[in-house]
Amino acid sequence: KAWSLFNMINPINHTKSYFNCQNYKVEPYVMTADIYDVEPHIGRGGWSWYTGAASWMYRTGIEGILGLKLKGKDGFYVDPCIPKDWSEYEIIYNRGNCRYNIKVIRENKKELWIDGELKEGNIIPIFEEGTHEIRVII
Numbered sequence: 001k002a003w004s005l006f007n008m009i010n011p012i013n014h015t016k017s018y019f020n021c022q023n024y025k026v027e028p029y030v031m032t033a034d035i036y037d038v039e040p041h042i043g044r045g046g047w048s049w050y051t052g053a054a055s056w057m058y059r060t061g062i063e064g065i066l067g068l069k070l071k072g073k074d075g076f077y078v079d080p081c082i083p084k085d086w087s088e089y090e091i092i093y094n095r096g097n098c099r100y101n102i103k104v105i106r107e108n109k110k111e112l113w114i115d116g117e118l119k120e121g122n123i124i125p126i127f128e129e130g131t132h133e134i135r136v137i138i
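All residue numbers for the sequence shown refer to the UniProt record's numbering, where the first residue is 1 and numbers rise by one.
The set of hints was computed from the structure by calculation and includes no laboratory data.
Fair warning: this is a prediction, and the values are worked out from it, not measured in the lab.
Treat the hints with care, since some could be wrong.
[Unchecked claim] Straight-line Cα separation of at most 25 Å, DSS-like style, residue types lysine-lysine; simulated pairs:
#1 109 with 119
#2 1 with 84
#3 110 with 73
#4 69 with 110
#5 110 with 71
#6 119 with 71
#7 103 with 119
#8 69 with 1
#9 71 with 103
#10 73 with 103
#11 1 with 16
#12 73 with 119
#13 103 with 84
#14 110 with 84
#15 69 with 84
#16 69 with 119
#17 69 with 109
#18 1 with 109
#19 109 with 84
#20 1 with 103
Let the sequences and hints guide you as you build the complete structure.
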């Protein structure tokens, strides 16, 4: 359901055709504060570039759907809420001098692998530097 709601408010989905673009009338790559629901402007976007909605949309995608969430100074974890037809996805997360290549794979079990080693729990530590291969099995 999270993915369905995300797609419903995603501006690109309001501009898939010439007719939709003419109706929406704002940029297809910018979140709007509102969408009109009264004639004669039904479907028209309003207040683009003047809203904090973009940051909430970004956060919803990264944290709510892909599941990448910071855990204070301890590290971070990946707890996704993805569509059933997604078998896997990848995230490249850069933090300081460190790069995390994260691959999430659906296998109906829970495992966390960090640099080829199976770990207990779900916290991925913050490393000082280097590239780290992370596998999250869900």
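Hints, one by one, checked against the model:
no.	hint	result
1	109 with 119	holds (14 Å)
2	1 with 84	holds (10 Å)
3	110 with 73	holds (23 Å)
4	69 with 110	holds (17 Å)
5	110 with 71	holds (19 Å)
6	119 with 71	holds (17 Å)
7	103 with 119	holds (15 Å)
8	69 with 1	holds (19 Å)
9	71 with 103	holds (19 Å)
10	73 with 103	holds (22 Å)
11	1 with 16	holds (21 Å)
12	73 with 119	holds (18 Å)
13	103 with 84	holds (17 Å)
14	110 with 84	holds (16 Å)
15	69 with 84	holds (21 Å)
16	69 with 119	holds (18 Å)
17	69 with 109	holds (20 Å)
18	1 with 109	holds (21 Å)
19	109 with 84	holds (15 Å)
20	1 with 103	holds (22 Å)
Consistency with the previously given hints is maintained throughout, with no hint failing.
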